[in-house]
Structure formats: structure tokens, C-alpha cells
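Required output: the full structure, derived from the provided sequences and hints.
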Amino acid sequence: MTDAPAGGWTTGTIIGLDHPTDRLVRLRLHVEDRVDHLPGQHYVVRLRAPDDYTAQRSYSVASDPDDPLLELMVECLPGGEVSGHLHDVAEVGDVLELRGPIGGWFVWKGDVPSVAIGGGSGVVPLVAMARLAHRLGLRDRLRIVALARTWDELPYAAELQRYGAFIALTRENLGGRVAAPPYHDELAPYVDGAERAYVCGSVGFASYATRLLEETGMRTDAIRVEQFGETG
Amino acid sequence: MPVTRGFFGKRRPERPDRLPPGQYDTGSSWPTLTAEATPQLDVETWTMTVDGLVGRPSSWSWREMHALPESTYFGDIHCVTTWSKFDMTFRGVSVDTLLEIAMPLPEARFVMAHSTTGYTTNLPLEDVTGGRAWVVWEVDGRPLPRGHGGPVRLLVPHLYFWKSAKWVTRLELMERDRPGFWEQNGYHDRGDPWLEQRYQGDP
Ligand SMILES: Cc1cc2nc3c(=O)[nH]c(=O)nc-3n(C[C@H](O)[C@H](O)[C@H](O)COP(=O)(O)OP(=O)(O)OC[C@H]3O[C@@H](n4cnc5c(N)ncnc54)[C@H](O)[C@@H]3O)c2cc1C
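Chains A and B, in that order, are what the protein sequence lines are. The letter at position 12 of the first sequence is residue 1232 when you use our numbering, and the numbering goes up by one with no holes. The letter at position 196 of the second sequence is residue 1510 when you use our numbering, and the numbering goes up by one with no holes.
Check the hints yourself; a few may be wrong.
[To be verified] One-sided and incomplete, this derived list gives chain A residues near chain B with beta-carbon spacing under 10 Å:
| id | residue |
| --- | --- |
| 1 | 1274 |
| 2 | 1278 |
| 3 | 1299 |
| 4 | 1300 |
| 5 | 1301 |
| 6 | 1326 |
| 7 | 1419 |
[As the list claims (entries may be wrong)] According to the in silico footprint, chain B covers these stretches of chain A (three or more CB under 8 Å from chain B):
| id | stretch |
| --- | --- |
| 8 | 1226 to 1234 |
| 9 | 1264 to 1272 |
| 10 | 1302 to 1315 |
| 11 | 1423 to 1432 |
| 12 | 1437 to 1448 |
No lab work stands behind these hints, which were simulated from the structure alone. Backbone N, C-alpha and C define an ideal beta-carbon position, used for all residues, glycine too.
Structure (C-alpha cells):
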């Protein structure tokens, strides 16, 4: 059986809320009876209307398990029922129904040397991994590759850069790098020596990044995928 | 549980009677969800096997599967990530047909479905018998796309969709239940959407 922690339904109070860009909202929550997560796990957020109609969606944890608060980073989708509420309506002091942590497959415990590649908001669970690696001095064991169209569309861009992530912007130059998808020779040093790969992002991104990793020499059966949302 | 301040909801279903608790109608889109890289599966070498606690362990090639009596499912599917999709048509072979040939032993009570990728999922035998489970290769009149488990997947539409193993290749009949892939990773052993059996520990 899995040794990943799992938690039931509880509530969380929003202690901190900010908008790092105009499409992102970061929530910092105090969770009642919190069960510590492993980096990569997610929570379910459930919103409840006065007539008891509910909407629930999954959100990856961005915080280090060591953090006293639970941090989520949500991208506001046009017309999105839950992300729109969290982005436009939620305020400090609101109480949300939460369930988690959930998932025992897309987790990194700091043991296996890995490469993790995220697209856009798909970097969120990778941030939890990177924060753990940073705190434990395990930076050699986790290499991060982050893709986005622009710097502003990449959550945690500056923090990931500080941790030594390779950031590939496809619509904007970054330092000396011209806007382009990652080239194989750019990726190779990140993949080299990795025994496992984590891929996280939209469905389209996940299949693209999986192929890219395979072409760069990653074994297909060593790739773990977490897909957000639905473009299927 | 408390009402969420300021939340009124946008996706109230038109057919709430068809939506299990916590699900929403995804309309015309069909999301994919996979934990592994999508495999390239060759129908020339693919086989379907039923073994374990059966009187006659059996295997079928792609062609032999297509020679068995065809069966159709028309109805809804429900994914644990909270989408449901109405009115889908799948075509393939009923699992009953395979079991009639393989002849389960009386002590067989559970099934482990195996995929070519190594993915597994466990089911009570009674959930794959009685016209409730299929091995399918066609959806809405078209070959099943690779991302949705094509060329061939298991279909157990009355349970959450992770039970409908993509790229299925083997049904192993067992006396005792054993957790499959998601079930080892925190998901429920049965997965009935109407009982909202999403995760381990749910009723
Ligand atoms: C394991 C997991 C982890 C995740 N982690 C994160 C994370 O860390 N951060 C993050 O931002 N997201 C994450 N997601 C995605 C998240 O769960 C939601 O899917 C996302 O926030 C959208 O939900 P929503 O309610 O805002 O949008 P929905 O209301 O579900 O709509 C989604 C999109 O589809 C469109 N749409 C839906 N229904 C219709 C319709 N009937 N007609 C027209 N358009 C429609 C909407 O306009 C919108 O653009 C994760 C998903 C999973 C599965």
C-alpha cells in the first residue's frame, strides 16, 4: 500500500491572498487538523452555494510540507466557476471546504534523482518539490524545467529561477535566450542522470512534454504525469 | 459544512438527475486523464487474455475479438476528477462473453484489469458481469483515440472512469481483492460515483 498521507474533508481559513499577476491568485490557508502533504499532492476545494449546490476542483499544493500554512496558486480561467470565484470573490477571512492531501503517485519525497517539467500553472506542484529540495539541500536531486509563453504567465518565475530552474519562454526573450520551445541540447543536462521524470500541465502540454523527454532519452516508464483541466 | 461567502454557482446542471454528487456536465468536450505516457499500441501484436481463477484461460487476438458477438453501451460516464459526459456510444464485446468462454471458478470474486503499460485496477467480479462491462474499440462511431485508451480499453461505466482501464490487455480473476494502481495511491477500491466513493476511506 501507499505510504502517502491522505486527509478527509476539513475547512481552511484564508489567511493571505494576493494576485501576483492579473490572472493568478495565491491563497495561503490555515487548515484545521492539517495532515502534512508530500510535494506533488493536491487538495480538493469545494464551494457551496446557499441552496447547497456545490462545485469542487483539484488544486496542487505549492507550499513546503514544513510551511505552517497551505499555499495554493490558482490561474483564473475565463468563465471558470471555481477559479473565477477564488480570483474575483474570495477574501482574507473566508472559510473554504477542503479535502486533502490526495494522491500517492505524483509525489517526490526527495529521494529519487529526478527532472520535473511544468507548463504554466503546471509548475505549482513542482514549486512544492523545489522548496523541499531547497530546504533539505537536495538541489542536485531535482532539476526543474519550466515552460510558459511569457514571464508573467509563469507562476513563481523568479523563485524558480533562484532555485536554478531552466526557464524556457516561447513568446518572449529571457536574458540571452531567444523565445523558443526548449531545444533538446538545452534539456539534455537536466534529463541526464535523472531516474524519474515528472510532467505537469494542461493535457496538451503533458503530451508535448512527455514526447520531448522521450526524445531527450528519458525512459517512457519512468515518466509520471499530472494533467490539469480539460482540453480533451 | 458552511456556505461559501459570495458563491452562487455557474454550472448548475440541466439534468441533475443524471449527475452523481460532486460531478458536472462537461458537455461536448471529453477530457483525458492519464498518469503515464501514452503508449503506442500495435493491434497486430495486442492480445486480450482472461486468466487467473478460470476453468479455461483464454486469449484473443485483435481479429478474434472482432469475431465475437458485438455489444454496445449507450449512456453516461463519470470521472473522479468531477466531470461527467452524457450519451456516449461505445462498441466492443461484453465482458460476459469473454467470461462465458473462460469460465470463472466458483471462488473467483474479484478481477484485476491489466494494461499494456503496467497500469492495473481492481474490481469486484459482480461489477464486470451482468451486462455492466465491456472491452471496447469504438466510440461514437469512430475508432477509440489513443489518448482515450485506443485502440482498446475496458469500459465499466457505472463506476468512476479510472476503473475503465485504458489499453487493457488482461483480466485476472482472483479470490481476494488486491489494490490496483490508483487504489494503492489513495483512491477507492470500488468507486461508485452515486455513493461518491472517490478516495480510500469514503463510505
Ligand atoms: C490534480 C489536479 C491539480 C490541479 N492543480 C491546479 C493548480 O495548482 N492551479 C490551477 O490553477 N489549476 C489546477 N488544476 C485545474 C483545476 O482543478 C480546475 O480545473 C481549474 O481551476 C478550472 O476550474 P474552474 O471551475 O475555474 O473552471 P470550469 O468552470 O470547470 O471551466 C473550465 C474552462 O472550461 C470552460 N467551460 C466549462 N464549461 C463550459 C461550458 N459549458 N461552456 C463553455 N465553456 C465552458 C470555462 O470557460 C473555463 O475556461 C488542477 C487539476 C487537477 C486535476
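Here is what the structure says about each hint:
no., hint, result
1, 1274, "holds (7 Å)"
2, 1278, "holds (7 Å)"
3, 1299, "holds (7 Å)"
4, 1300, "holds (9 Å)"
5, 1301, "holds (4 Å)"
6, 1326, "holds (7 Å)"
7, 1419, "holds (8 Å)"
8, 1226 to 1234, "holds (count 4)"
9, 1264 to 1272, "holds (count 5)"
10, 1302 to 1315, "holds (count 7)"
11, 1423 to 1432, "holds (count 4)"
12, 1437 to 1448, "holds (count 7)"
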